[in-house]
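A.B. asks: With these hints in hand, go ahead and build the complete structure from the sequences.
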Amino acid sequence: MGLIVVGIDASDHARRALEWAFAEAELRGAELELVHAYARPEPFYYPGVMVTDFPSEEELQVAARQVVEDTVAKIVPRPDVPVTITVQAGGPAGVLCGRANDADLVVVGARGLGGFRGLLLGSVSQQVVTHSPCPVVIITPERRHAD
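Residue numbers (this note's numbering): 4 to 150.
No lab work stands behind these hints, which were simulated from the structure alone.
One or more of the hints may lead you astray.
Capping the alpha-carbon separation at 25 Å, the derived lysine to any residue pairs in SDA-like fashion look like this [unchecked claim]: (1) K77 <-> E34; (2) K77 <-> P144; (3) K77 <-> A26; (4) K77 <-> E29; (5) K77 <-> T89; (6) K77 <-> P136.
Computed from a predicted model, the values in this text were never measured in an experiment.
C.D. replies: Have a look at this one:
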């Protein structure tokens, strides 16, 4: 039995990556680790005002877990695939690559901005491909064809 790590956020491309990962885990007899990275808000100062009232770490983790659960709720259930959820503060690529140390495969969705713009700006999927210690599958957007 292996481990497939999947990057999850509230986007359609993450949902598609999750669907693919569930199917692959079922074929391999693997388990899934659904990973969501969240940012901790930083106090900031605006002339005359210092903003420091932010959600607690526990509230941030609950909200992050809800993002994963909402994404899972949008797909066809596969009860035979064992699933764990990991929510962790940090940048998405760094968190995913950290979790990939114990994985056989990492799956992420791509927004599909592509072209030269994508090369200049970089993306989470590009960073994961570059830094992951294990193989990575990038699920790209569905192509739309004219009728």
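A.B. asks: Now tell me, hint by hint, if it's right for this structure.
C.D. replies: Do the hints match the structure? See the list:
Only pairs whose Cα atoms come within 25 Å are accepted, and K77 paired with E34 is accepted, the gap being roughly 19 Å. A threshold of 25 Å between alpha carbons decides the hint, and for K77 with P144 the separation of about 17 Å falls inside it, so the pair holds. Taking the CA atoms of K77 and A26, the gap is near 15 Å; set against the 25 Å cutoff, the hint holds. Simply put, K77 and E29 have alpha-carbon atoms about 18 Å apart, close enough for the 25 Å limit, and the pair holds.
At most 25 Å may separate the alpha-carbon atoms for a hinted pair to count; K77 and T89 meet this at roughly 19 Å. With a C-alpha separation of about 30 Å, the suggested pair K77 and P136 falls outside the 25 Å cut-off, and the hint is violated.
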